[in-house]
Amino acid sequence: MKKAVRGHAPDADALKERDQDLLQLLQSLLGDEIQSHRHGMDMLELVIRPESASSVSRLLRDSEGLEFDYLMDQTAVDWLGRREIRFEVVYHFYSTKHNRYLRCLAPVPESRPEVSSLYELYKAADWYEREIHEMYGIRFAGHHDMRKLLMYDGFKGYPLRKDYSMKGRQPLIGPGSRQES
Amino acid sequence: MEVSQGMVEPFVTTKLDKIIGWGRKYSIFSYPFVTACCGMEYMSAACSRYDMDRFGAGLPRFSPRQSDVLLVVGTINQKMAPVLRQVYDQMCEPRWVVAFGACTVSGGPYNNYAVVQGIDQVVPVDIYIPGCPPHPETVLDGLIKLQAKIQHQKHEV
Numbered sequence: 073m074k075k076a077v078r079g080h081a082p083d084a085d086a087l088k089e090r091d092q093d094l095l096q097l098l099q100s101l102l103g104d105e106i107q108s109h110r111h112g113m114d115m116l117e118l119v120i121r122p123e124s125a126s127s128v129s130r131l132l133r134d135s136e137g138l139e140f141d142y143l144m145d146q147t148a149v150d151w152l153g154r155r156e157i158r159f160e161v162v163y164h165f166y167s168t169k170h171n172r173y174l175r176c177l178a179p180v181p182e183s184r185p186e187v188s189s190l191y192e193l194y195k196a197a198d199w200y201e202r203e204i205h206e207m208y209g210i211r212f213a214g215h216h217d218m219r220k221l222l223m224y225d226g227f228k229g230y231p232l233r234k235d236y237s238m239k240g241r242q243p244l245i246g247p248g249s250r251q252e253s
Numbered sequence: 009m010e011v012s013q014g015m016v017e018p019f020v021t022t023k024l025d026k027i028i029g030w031g032r033k034y035s036i037f038s039y040p041f042v043t044a045c046c047g048m049e050y051m052s053a054a055c056s057r058y059d060m061d062r063f064g065a066g067l068p069r070f071s072p073r074q075s076d077v078l079l080v081v082g083t084i085n086q087k088m089a090p091v092l093r094q095v096y097d098q099m100c101e102p103r104w105v106v107a108f109g110a111c112t113v114s115g116g117p118y119n120n121y122a123v124v125q126g127i128d129q130v131v132p133v134d135i136y137i138p139g140c141p142p143h144p145e146t147v148l149d150g151l152i153k154l155q156a157k158i159q160h161q162k163h164e165v
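Going down the list, the sequences are from chains A and B. In our numbering, each residue carries its 1-based index in the first sequence increased by 72. In our numbering, each residue carries its 1-based index in the second sequence increased by 8.
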């Protein structure tokens, strides 16, 4: 087995070997919740259902041997025209106890863009989810406050969706805007 | 301005506009509205190596009510625009606005949904200083051009 050098991408076989026991543990704990899995170029990836995102995360956080106690990142991808299910919410977990990473992907259909919120489990999810909501228009069921995080209240549309016009400009707000004068 | 000599006492003839302009252009109190990386370049232009004080603009006032030149330094996004306008509205006449850097001139590299494409949509601009960021020399050139503008304009008293 080749040793992974810091700063270089470790080769696929080494990663597979590294994550083998993690995968077995996850399969035994989560069972049918895992729709599929993949050995990504940096960490193990699980595909889960959007409505069970919070229950899966609770297991990931609290189960012995997993202890994914740190939500490193949460974001979304718009696969417009590339995939059948348009959106995908991406979670990056890290276990400070076991020094292990895990990526979870939840495909979200455009017809019902809703995911269960992780806010109750990880306080870090609060602003991630608000940002995803304003940028992609994906709702988070169970989140306490879905106001916009970065944009202003009058802003219409979801600017990081692929069908948001590149040249789309919205009118200025407040005093001095051309509408007022 | 002319100094007459050969009379009993030397005296100066000038126009009121000219003497007020002369006074105002060498006592610029600027308000730096710094929002982004151009701020570093502003600091460089203001500090001892380039020293804006040589041109009489050495005293930044951190209150718009005490200043007469609004230096808009850095990206202004749509959410920030009302704030910039409010700051401008708080300044006393006479007042001038300098757009410092590509972002304030035209939106610069940020041609997107969030950034105002030129602050002249929000406040009237007197001098545009291009560059990403502008050299301190460019800044001083802009300052000198602003002074020329102040010198040659009509001054209400």
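Everything labelled a hint here was simulated from the structure, so no lab data went into it. Nothing here was measured: the structure is a model prediction, and the numbers come from that model. Errors might be hidden in some of the hints.
With a cut-off of at most 20 Å between alpha-carbon atoms, the simulated DMTMM-like pairs for lysine to aspartate or glutamate come out as follows [to be verified]:
1) B/Lys87 x A/Asp225
2) B/Lys157 x B/Asp128
3) A/Lys234 x A/Glu182
4) B/Lys87 x A/Glu160
5) A/Lys195 x A/Glu139
6) B/Lys87 x A/Glu182
7) A/Lys220 x A/Glu206
8) B/Lys26 x B/Glu10
9) A/Lys234 x A/Glu160
One-sided and incomplete, this derived list gives chain A residues near chain B with beta-carbon spacing under 10 Å [as the list claims (entries may be wrong)]:
10) Gly229
11) Arg241
12) Leu244
We put the CB at the ideal spot given by N, CA and C, even for glycine.
Is B/Lys87 within 20 Å of A/Glu182, Cα to Cα? 28 Å, violated
Compare the distance between the alpha carbons of A/Lys195 and A/Glu139 with 20 Å, and conclude whether the hinted pair is satisfied. It holds: about 16 Å lies between the C-alpha atoms, which stays within 20 Å.
Would you check the hint for B/Lys87 and A/Asp225, treating anything up to 20 Å between C-alpha atoms as holding? 9 Å, holds
Double-check A/Gly229 for me: the hint is only fine if its C-beta lies closer than 10 Å to a C-beta in chain B. Holds. Min distance 8 Å.
Holds or violated: A/Leu244 as interface residue toward chain B, Cβ cutoff 10 Å? Given a least distance of 5 Å, the restraint on A/Leu244 holds.
Does A/Glu160 sit within 20 Å of B/Lys87, going by the straight-line distance between their CA atoms? At roughly 28 Å apart (the allowed maximum being 20 Å), A/Glu160 and B/Lys87 break the hint.
Is B/Lys26 within 20 Å of B/Glu10, Cα to Cα? At roughly 12 Å apart (the allowed maximum being 20 Å), B/Glu10 and B/Lys26 satisfy the hint.
Pair hint outcome, A/Lys234 versus A/Glu160 [Cα-Cα no greater than 20 Å]: Within the cut-off at roughly 13 Å; holds.
For A/Lys234 and A/Glu182, compute the direct alpha-carbon distance and say whether it is at most 20 Å. Answer holds: A/Lys234 to A/Glu182 is near 13 Å, not above 20 Å.
Interface hint outcome for A/Arg241 [beta carbon to chain B under 10 Å]: 7 Å, holds
Are B/Lys157 and B/Asp128 close enough, with their CA atoms no more than 20 Å apart? 18 Å, holds
Can you confirm whether the C-alpha distance between A/Lys220 and A/Glu206 stays at or below 20 Å? 6 Å, holds
In this structure, the earlier hints numbered 4, 6 are contradicted, and the remaining ones agree with it.
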